[in-house]
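S.K.: Listed below, chain by chain, are the residues.
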Amino acid sequence: MTTMLKITKAGNHGILLPQLGIGLDYSGKQAEHVFVSHGHADHIPWKADAKVYATPATAAFMKLRGARNEVQTLPFKQSVETENAKITFYPAGHILGSALTFVESDYGNLLYTGDCRTPPSPASEGFELPNAEIDSFITEATFSLPVYRWADYEELKADITEFATSSLEDGFTPVFLAYNLGKAQEIMHLVKDLDHPVQIHGAGFKLCEVYEQHGIDLGKYETYDRETCQGKILICPSSAINNGFASNVRKKRIAYCSGWAAMESRRSQLTVDKLIPISDHLDFFELIALCEQLRPKMTYITHTPNPDVVKHYLDERGIKSQFLDTKVEQDD
Amino acid sequence: MAASIIHTFYTLAKTAQKINETRGSNAKIRICAEYFRSLTPDKDLQLAAQFLGEGAFSDVSGKRASVGSRTYSTLAAELCEIDYEKVFKPSKTAVGSSSETIEMLLHNIPEARKKWSAEELTLQEVRYIFEQLYDVSSRADKQEILKKTWLRMSPLEVKYFLRIMGRGSLRIGFESKSIVSAIAKAYGHKVADVRYVHMITGSIGKTAVLAKHDQLEEAQFKLFQPIAFMLASPIESRSVDVYHHYVAEEKFDGMRCQLHVAGNEVKIFSRDLNDITHSFPEIVEFFRQRELPGTVLDGEICVYRDETILPFQLLQKRMGLKKPSKKVLNEYPTLLIAYDILYHDDQPIFEKTLTHRRSLLSELSEKHHFPITTQKDIQHEEHIEELFERALAHGNEGLMLKHKESTYEYGQRRKSWLKVKKPGGSLDTIMMYAHAGSGKRGGTYSDFTLGISVREDERYEEEFIPIGKAYGGYTDDELKKLNARIKDIIAEKYGPTLGLYPNIVVELEFDDIQVNKRTKANYTLRFPRFKAIRWDLAPDDVDTLKDVERLYEEKMNRERLKQAENPSFTFKKQS
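Going down the list, the protein sequences come from chains U and X.
Under the working numbering, the first residue of the first sequence is numbered 1, with each subsequent residue one higher.
Under the working numbering, the first residue of the second sequence is numbered 1, with each subsequent residue one higher.
Fair warning: there could be bad hints in the mix.
Unchecked claim - The calculated lysine to any residue pairs, modelled on SDA-like cross-linking and capped at a C-alpha distance of 25 Å, are: (1) U:K320 <-> X:K86; (2) X:K14 <-> U:R267; (3) X:K469 <-> U:Q269.
Hints listed in this document are in silico derivations from the structure and should not be mistaken for laboratory results.
Just so it is clear, the structure is predicted and the values come from calculations on it, not from any experiment.
So that you can see chain U by itself, here it is in the shape it has in the complex (with noise of 0.2 Å):
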């Protein structure tokens, strides 16, 4: 290793590293290969010009979601080499097709995690780290405060299960607000085995598809249709409930599964019946303890509000980290 790496935050989402002619998640004009850690609309590239890849669920999302993108399908774990690096794929545990980017070159290596899980969500591919001392790493921290500690992940799939059932006794539809990619699944492969009929969001219904091609059992699902929803289990993002979904349905109750939902402020800004703090991200904690376990020779902190509170526990665990400025999605 000669010199450091550079890294550059380019645009809301992208990083670019320049000596390698290399975007993450990049969408700009100054890389000549671009990796795609993930299908969420925050991390697509829409505009780049570049050879884009991507692993084949993130690449049939993009497609799905209208991206243009030429994209060259890359597995988890088989390497790509371009004039002057190596990149591979691991699984991120973020939702189906995530993956954290792994990139060996000359300036020692990088792992970047686009969003990741740890444990990981069951609806995705798992979560494996690379074998390797990581130089640089490129972490997400959206969750970047010690309040945000995700239960037990049994307690909340019988927190989601519960939630379905005691409605449907009570004579309720119970819908449960969650994102179109990722979440919805994750909650329709928690709720499969109730055998009730479900219902989701035209948006996220025509994703389903890829997450049956890899093998996820979604349980019984069509796309939503008002006429007949009522007290089938409904999936919809938090947008739609305000803007009519399910609005002839009188007996509702509503569930928001976030990671934000761990915060009661959100119960009255949303008007839900029950809040529950199910997240595709890594909680404060999982966070630490991969830096930890990592202990790179630089941490670099994106999509985050508090990179201070990250960096102050690192500095007390003596690893070494700086702050990559991005901007946070809310609706993640």
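Position chain X against the provided structure of chain U, taking the given hints into account.
M.R.: Structure of chain X alone, referenced to chain U:
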């Protein structure tokens, strides 16, 4: 009979949380009613109702635990072994509530988890702890008591312990009106009956116990025990349907109070039901000489000199003084002007109509010589304008319109009393800081510090200085737009506060301007609120400190019509 059950604070906290997690007020009331019914010893029922409805101490006790948020927040940081500035404060900003933040941190952080064990303290033990907190005054002593307590509580209990201690809202969407309904439901009474008893006992705990034993009628209004005031609603676009149902009185620029008197004994209570007798010795002396039978009056204290009602700013010199000096008494003499009577002839008369009460008040005033408001019948719509202008000429705030057939609706703000007020004025101000809201508004910037221009002012180095903090008057959409705009004009970040580049101009409306030497501008605004966000104006258009000074001078030096002709109140002196 089963052995008496020990009622724990944990059950209360769990019930409060369940109420919070339930939507719909009837469902909430059902849960609370069921909880009340489960409380067997009366003293536990009384305490639980008080904790949920009033706080750590009963309202009538006038006691407070007086524990500041810094006191318990730094303690929480210590227990969690986290840095108060670097970790606690940003957490609190994100969550928007100190008590919820503390609950989450005690629950999440392994260092804290190791320390506490939920021992299920009883309701009575927690009451004793609040008493202990009241008895000590230093931060260290208070922290010591809190620490011992928290180590024996679950985080959920700590959250509600803090909210009950703070006497604020429990933030479970269940205010005292709902608790009254829950008591009525639990024991099969009419809501109105329970509310009446709550009113005259001033205690939600006692009310619950009386309701349980079917003894509501035993509750008696007691002289020298204050009751909640009837409140007025702002009049909407001056639209009163039937004018002749109302009478008009001038609205004084003074301090609302309730005077209890029986012969030689006199007590005065403020609107928050605190005893303020000692602050107004001349009023006490005045009523002692009036030889009144047991009477409760509702009225206003004003500074009155040379037959003129003087501005509220002067009354402030008298407020909060334990023992006003001779000099202060001479300079700012006060007068109580009564406008309602709640107790007469050894009986509460809340249920009588205003007309009836008024005639009793007039009689009493004539016989015993104390001032009462002048009441005017309203003949037609324009008449209101005329009376309003005269009220302003007297230096008063505006008019009160009171429905003639209304009862004294203690503790309620309805349409029986309407206030017609002219805004004190408005200023075009610059948005200087945005503060993260708490509670319902957690997560958005909802409180704003507004400033005025001192660019051309040789007394200041700055361009703008703060003049007031506003957290209302905007719509939800405007707030959203503001939050979006603010992101682009952040100059600095101080924890929950953003320093902004001068950009957004807000037309700020206020009720009054007051001198306040502790502020940079030397003035503060009373009830500042957004009138309009002036997207059309730029920082150069912002009003200056000189404008504020001019407005204040105008107000103080305004001609005030003497109370000679057409007076705002009637005072037949003893001949």
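S.K.: Each hint needs a verdict: does it hold in this structure or not?
M.R.: Hints, one by one, checked against the model:
1. U:K320 <-> X:K86: 17 Å, holds
2. X:K14 <-> U:R267: 17 Å, holds
3. X:K469 <-> U:Q269: This hinted pair holds, its Cα atoms lying about 23 Å apart.
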